[in-house]
Every structure is written in C-alpha cells, then in structure tokens.
Amino acid sequence: MTTGKTGEPHDRVDGRAKVTGQARYAGEFTAPDLVHGFVVGSAIARGKIVRIDAAEALALPGVLQVYTHENTPRLAWRDRSWRDMVAPGGSPLRPLHDAEIRFSGQPVALVIAESFELAREAAGLVKVDYEAAPHETRLAEVESEAHEPARGKKGYTPPPKPRGRADEALAAAPVRVEATYEHPPLHHNPMEPHATTVIVEADGSLTIHDKTQGVSNSRDYVCKVFGLASDQVRVVTPFVGGGFGSGLRPQYQLFLAVLAARELRRSVRVVLSRQQMFTIGYRPWTRQRVALGAERDGRLCALIHEAVGNTSRFEDYCENVVPWSGVLYECPNTRLEYGVAALDLYTPIDARAPGAVTGLWALESAIDELADALDIDPLALRLKNYAEEDQDHRRPFSSKALRDCYREGAARFGWHRRTLAARSMREGALQIGWGMATGIWEAQQAPSQAKALLTVDGRLHVASASGEIGPGTYTIMSQIAAEQLGLPLAAVRFELGDTALPPAMIQGGSATASSVGSAVLAVCRALQHTLLKLAQALPDSPFGGRTLADVEFVDRGLRLRSGVAPAVPLAAIMRHAGLGSIAEQATAIPDLARQSRYTSNAHSAVFVEVAVDEALGTVTVRRVVSAVAGGRILNPKTARSQILGGVVWGIGMALEEHSMLDHGLGRFVNHNLGEYHVPVHADVPAIDVVFVEERDDVVNPLGVKGLGEIGIVGVAAAIANAVFHATGRRIRELPITLDKLL
Amino acid sequence: MLPGMGDDTCAITLKVNGSTLRLQVAPWTTLLDLLRERLGLTGSKKGCDHGQCGACTVLVDGVRINSCLSLAVMRDGASVTTIEGLAEGDALHPLQQAFIENDAFQCGYCTPGQICSAVGLLAEGHARSDDQIRELMSGNLCRCGAYPNIVAAIGQAMRPRRDA
Chain A
319 MTTGKTGEPH DRVDGRAKVT GQARYAGEFT APDLVHGFVV GSAIARGKIV RIDAAEALAL
379 PGVLQVYTHE NTPRLAWRDR SWRDMVAPGG SPLRPLHDAE IRFSGQPVAL VIAESFELAR
439 EAAGLVKVDY EAAPHETRLA EVESEAHEPA RGKKGYTPPP KPRGRADEAL AAAPVRVEAT
499 YEHPPLHHNP MEPHATTVIV EADGSLTIHD KTQGVSNSRD YVCKVFGLAS DQVRVVTPFV
559 GGGFGSGLRP QYQLFLAVLA ARELRRSVRV VLSRQQMFTI GYRPWTRQRV ALGAERDGRL
619 CALIHEAVGN TSRFEDYCEN VVPWSGVLYE CPNTRLEYGV AALDLYTPID ARAPGAVTGL
679 WALESAIDEL ADALDIDPLA LRLKNYAEED QDHRRPFSSK ALRDCYREGA ARFGWHRRTL
739 AARSMREGAL QIGWGMATGI WEAQQAPSQA KALLTVDGRL HVASASGEIG PGTYTIMSQI
799 AAEQLGLPLA AVRFELGDTA LPPAMIQGGS ATASSVGSAV LAVCRALQHT LLKLAQALPD
859 SPFGGRTLAD VEFVDRGLRL RSGVAPAVPL AAIMRHAGLG SIAEQATAIP DLARQSRYTS
919 NAHSAVFVEV AVDEALGTVT VRRVVSAVAG GRILNPKTAR SQILGGVVWG IGMALEEHSM
979 LDHGLGRFVN HNLGEYHVPV HADVPAIDVV FVEERDDVVN PLGVKGLGEI GIVGVAAAIA
1039 NAVFHATGRR IRELPITLDK LL
Chain B
35 MLPGMGDDTC AITLKVNGST LRLQVAPWTT LLDLLRERLG LTGSKKGCDH GQCGACTVLV
95 DGVRINSCLS LAVMRDGASV TTIEGLAEGD ALHPLQQAFI ENDAFQCGYC TPGQICSAVG
155 LLAEGHARSD DQIRELMSGN LCRCGAYPNI VAAIGQAMRP RRDA
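Chains A and B, in that order, give the protein sequences.
Going by this note's numbering, the first residue of the first sequence is number 319, and it counts up by one from there.
Going by this note's numbering, the first residue of the second sequence is number 35, and it counts up by one from there.
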C-alpha cells in the first residue's frame, strides 16, 4: 500500500493514463455530429480586407460554411466583454469582427466542413484581397516611443520609485559596467497545438473542451462575448498538452469554434496548425540597458536597469522585468524603468517566468561583467552584495535560503576548481567555460475553492476547477488530501479542469500548489473537524474534549497523538453516525494582512559548464546544477521534473530559440518546429537538481513557493556567462548561435 | 465513403494493434488522421503534421515512423502498433512502466510518441549508451523538458537486454 504523504517521491497518479494514450486532450473529444473548422490567416501585417471570396470553397461538397467579417453576427460591443481574466489593458482582438488587419496571420475566415482534410483544402480556396498599409515590426524603430503600459494587467506592478541617486553614484563609481542586452520574440510552442472542441448538447447548452490554463477564464469569456448564461456553458479540460503561459488567455480558436457551433447548431472542432501557433502570443522582444557601479572591493553603489518590451498596437502587454533588480542585491542607489512599444504584431502573452526570465538575463549577465571588471569570482561578488531585506519595500523576506543555494550548488558543481580568467580552461580543441547566475520568482497565492466527498468505503473524492498542464497537479493534490485523512494514495481521486467544480485560480505564476493546495488542505481540515465531532459521539469515546491538535489521521483511522491505542477506523465513525458519506466545501483565501508584511520569493542558483568548439563556434551545455529554494517540496519527483523543464527552456532561450521576423512581410517566418529550434534530446545533458531546506509559514499554510517558473530564471545568463568564461566573448544578444562566436 | 470525397476512396487492409481492419480511405488521408479521426485512437498525437516533432510516432511492421508523413493507402497490408496496443491487458509494456517510474513526462502530449519511438529504438539495437539514446531519440521533441528522465527510462528498459 502506498501511503499518501507529502514530501515523498510518488509516481504521478495520472501516469498510467498518459503512457497508455488514454489521457484525452481538447482536440480529442468528439460527438456524432462533429464538424471541423480550419482557420484562414491574414497574408499582410497591417491594412484592411477589401474583398473576400469564399465561393470556390463553398462549392466543394461537404463544406458547410465559411465565416468572415461579412457574415459573422455582431456580438458584445464593449471591450470589457472581450477582456478575459488576465487580459492586459487595451482593446482585445475580436476575430472576424471587421475588415481591419492588425497583424500577419490574424484570422480572416473560418471554413467549416465535414472532415478535417476538406476544411483545410477549402481554406486554401478562400480568396482575400487586401489593401496593405505600412507596418512596423522592428523594435529599434519604436523603442524611443516606449510608453508606460495601460493599466489592467493582473500581476503587473510598475517599477518602484528610484532609491538614492543612481546616475550620480554611477558617475562617481570607481568601477563601472554598462551594456545593452536583447532577446528576440519567443513562442511557447507547447507540443499540443491550441484546440477547441465544442459539443452542442441536446438542450442546446455547450460543453467546451478548450486548451486552456483556466477553464473558468474560457467559460466566462464565452459567456460574455456570446451573451450566454453561465449554466449554458461548461468547459471541461482534464489534460493540457503544455501551456507555459500560452493557455492563460482564450485564444482565437475558442471564439471561432463557439461561433460556428452556435450558428450551425452542430458540434465543432477547431485545431490550430503548428504554423498558426506562431500567430498567437509570445514572450515579447525586449531590449534592456543595465549599468552597475561598484567600489573596488565589489560592493554595489549604483544600479540602473531600463527595459523596453514590445506589445501590439491594440493591447499593452506588460510584465515585471526590472523590479527584481531592486530586491536581489543590496545597493543604496537604484533606478528601474520599464516601458512598452507597439509593433504591428499580435499581443505578447506571459511565457514561463514572464518578466523575471527577461530581467535576470540582463542583470545576471551584467553582474558577471562586473565580476570580470573587478577580477572577483562571480559567486563571491554575489555573496558580497547579498540582500538581507527587501530594500524597495522596506520589509523582511518571509524566508530566503539563497545563500544555501549558492553553497550547495557550488559544492555539487565543484565551483571552487574554476579558474578566474576567461579562456583559461581548455580541453584540446574545446574551450571550456563555467558560468553561474541567480534566479528569483515571486511566491504567490490566490483564492481558490475545493470540495470533498468521503465515503464510508474509505474513498475520498476531492475536486477543484484547477488545471493539469504538466506540473503534477493531480498527484500533489491527491497527496495532500491522503496525508490529511490518513488514507493510501490510491483511495483518493482528485478531479480538476471542469467549470462544474468549485472555482480555482488560473494555472499560472507557479501558484497552483500554494492556492489550490491550500484549498484542498482547507476542505480536508473541514472533513477532519466533522469526523472528530462524530468520533466524540462514539460510546466511551477517547476523543471527548479533544481538539484537532490532539489527534491524528493515520491508517484510515483517527487516534490520539498521545495515546498508544490503535486508530478508530473512519468507517466505524461514519457508520456509528449513520452516514454513508460526508461532503465538505472550503475556500482558501490568502492571509494578506500577514503576507503583506513580508516579501516572499523563490530563489535559485544555477551553475553551467559549456564546451565551445573554437573553430566551429558551436556551444554545448555539458552539465548543469540548479539549486533551488522553493519552500516545502510536496513531491521531490515531480518537483525535480519541473526544474528540469525550466533548465531545458533556459538552454533553448540561450542557444536556440528565435522567432524570426521578416520585416518586409511583417511576419514570423520560421513558423515550424524544424526552423524554430527547441532543445532536443541531444542538446540536454545530465541536470543535477538540488532542493535546499526552506521553511516558510508566511507564504501559505503549506509553506510551498511554487516551482513552475524558478527553474528557468537565470539559466540563459548562466550559459552566456559560461560562454564568456570559455571564449572571452560577451554575447549580449540571444540566442548565442555559432555566427556570433566566429 | 466520406462526404465531399466522391468515389475516390481506396480499400485497404490494416492490422491495428492486433485487429485486422478493412477500410475505405481517401488517398490524401494520413495514417495519423486515420488513426485519430476514423479509428478513435487519439493516443498518437499531432504536434506539427510535418514530421518535425515525433509526437505521432507509431510502429509499422515493428519500425518507428512519423505517422503524419505517411498516407494511409501507402500502408495497405501493414501491421500498425500504436500506444494503445503496447500494454498486454493490465500489464504495461516495460517502457511504459519505466516512463512512470522515472517521471519521464509532464504534460503527457509527446509521451506516446516518445514511448513508441523508444520501442523502435530498442528493436533497432543501435543505442548502447545514454549519448546514443539522446542522439537516436532526437526526433521526438518534449517541450516540458523531460529529456533526462526519458533517457533514464529508456536506459532502465534496456538494461535487462544488456545483462542477457
């Protein structure tokens, strides 16, 4: 019997479904009346449609309809009806709404046919004439027009006010480094393309299987846009084939599938092609300037960090790029600035560790440049400037075991054997470089609910409308519940991804374990409370006058912590009370009064070895150690996997990934997985993940900080720093492809 | 016959996961779309439809192929094994078990392709080291980054063969 305890490395409870092909994703649900949609995207980046001719497509037998802006019914007219839970400020895209083209690939028609192949064939027959207007897709051309982002994006915090006098302190600093860092737009490319299957039920209501990181977000969006009551729309998504942020906002295939299903009164599926996956959001193109001033002993005296990221012309996507620079190192004089500049591209969207990945790539490269300028070991320089409190908010950290990350990571890596000078470690034709960087991410908690049903046969069903994009939600929630009630893991079933369940926060920001986990904890505590009360009514009950603090739930039973008597079976307690089952529901709300007195972050230290072939310029990552302080670890096995994934993303960002724009066409041109390079097996070495001990009773009742983001933060800088150490070449524009090293 | 396709369908015979099926298929239908859309075997995934991601990997006569790059009519008479056909009843294939034990997946979308590809890899018998596994599995992308665990899982499944 596998006991269900947190802190133990359980195999995933949904593992069997995933290795046997039984796990069902959004585009895999079906219905007898199902028809298929294929999207036609705009061929120009800006302008308007002057004529659209679907006659040839409609003439094909089996083609049911072609929707364009000319025959799409007018729907909600206020922007706020189109704005989803996590939309940034601005006016969201309204697909097929009017003739205006705002970005290349914008959906201009949806073809509905009896088969997928037919819909795709017919989509190629839709003729669209455009009147093109000049477009701009070069960040450098609009950087000077950067503006403060419009308000509205959840989680965005404008940079803190300057502290001290950073510019004067920089000018007076004995040692200075100053540089500009840049990375291109980066598309998430989850393996599962975005897909929506809309099933029209007999009563006319809609069951929607949507690739989303928040079923409630998709449901609310559909209700607002189409003017439907919430009981007419149910979104059910038990599995998501990777999100990484791309599923935070409803993507256009959701709107299109619902539109067609309502018009035709038939079930409809719309799946984006891999090419079309490059017409949705991405990590924004960002240019950053970092200037550091230090005393000769390495103490920072000035820190300036300015960043400009791209957005679209119709929404102000924004992210927290620069605030980390005010909190990570102790420095009396800081100035942090951030703006967004509009291009004729679709709006960016949060991508794994949004903002932090970007900011830390620049900051941690600059710190390495400073270490080089000072002739100081890069780790020693970071320890010299270690921040013991949050200077920007003048408050303590709820916990910060970053020093342990540095120490344990360095020990595992063998950092002390590193020679200081660049180009000093060579193996034959290979230049070897060792680099490191720090990572940081905010620990967050958002309100969430859960319900639970304990039956007398000893089975526990727990549910919350959360998601499973891959972190192991099913598994850790089952562990939390099993532990609370002393049940084997197999006796617990956790259900998620259904708007019929109690609402949960959208799955993002590494906050599912803290938010939904706290709700699961709360509902299990409610069950405990009920069971204890019932147990007190047993004849000769040993529990009279006892509280939950005096008892424990073990081996499917209840017993006194202090006693030696065997546990009283939960089934016996329920039978005595004449109950076949006990149901509870609970809400977990963050204790903001307490949490707001602290700053709560997850941290990491990442150490990388690269080998660079001097003649060819090829960079190989040979080993990585990532030491993470992420609070309590609920499942070391799935936790390690999350960090592995983050590191692999970091390798991609540093060396391979690049959504390339053809500025003449205003379009991403390497829009496939053969030309947009993501790491493959051969690119990924052994990765050593270390979790350092970290207790935190402020962040949430579970003491967890979330692990989905922290693994990637800092990795690109660590690799760039290792490349510098290997070659003496400082690459400030990602990705570090061989042309930049030759 | 499928709507809109006239009479241009072809009769083929396929053995899919042990069952012999006689099918009328349009000549442009890929093996992947046949499996997913007609036969309801959605375990084989569509990640790119261009043979660039490996999510659609199945075994045809024991050899791993990208089923999105093969038309169904080209496989007349072949024996196809998909992820749904690897386990024997409740007993998982050793690779399926090894994937679970090594946490060799996260979202699970590339997993059927990884496992089918690994079955093919073991049958080929060329991989003798972790580096060779990495090289010979590089046609199967995993965006969650489970690669180190996938290599460990395949290594675990290989080991008894090495000892033999």
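Read the hints as simulated data drawn from the structure, not as lab findings.
Every value quoted in this text rests on a predicted model; they were computed, and no experiment measured them.
For every residue, glycine included, the Cβ atom is placed at its ideal position computed from N, Cα and C.
Heads up, a few of these hints could be off.
[Unchecked claim] In silico contact screen, one side only, chain B against chain A (beta carbon under 8 Å); selected entries: (1) 44; (2) 45; (3) 56; (4) 60; (5) 61; (6) 62; (7) 77; (8) 87; (9) 110; (10) 118; (11) 122; (12) 139; (13) 140.
To see whether the hints hold, each was checked on the structure:
no.: 1; hint: 44; result: 14 Å, violated
no.: 2; hint: 45; result: 18 Å, violated
no.: 3; hint: 56; result: 20 Å, violated
no.: 4; hint: 60; result: 7 Å, holds
no.: 5; hint: 61; result: 10 Å, violated
no.: 6; hint: 62; result: 6 Å, holds
no.: 7; hint: 77; result: 2 Å, holds
no.: 8; hint: 87; result: 5 Å, holds
no.: 9; hint: 110; result: 19 Å, violated
no.: 10; hint: 118; result: 5 Å, holds
no.: 11; hint: 122; result: 12 Å, violated
no.: 12; hint: 139; result: 6 Å, holds
no.: 13; hint: 140; result: 3 Å, holds
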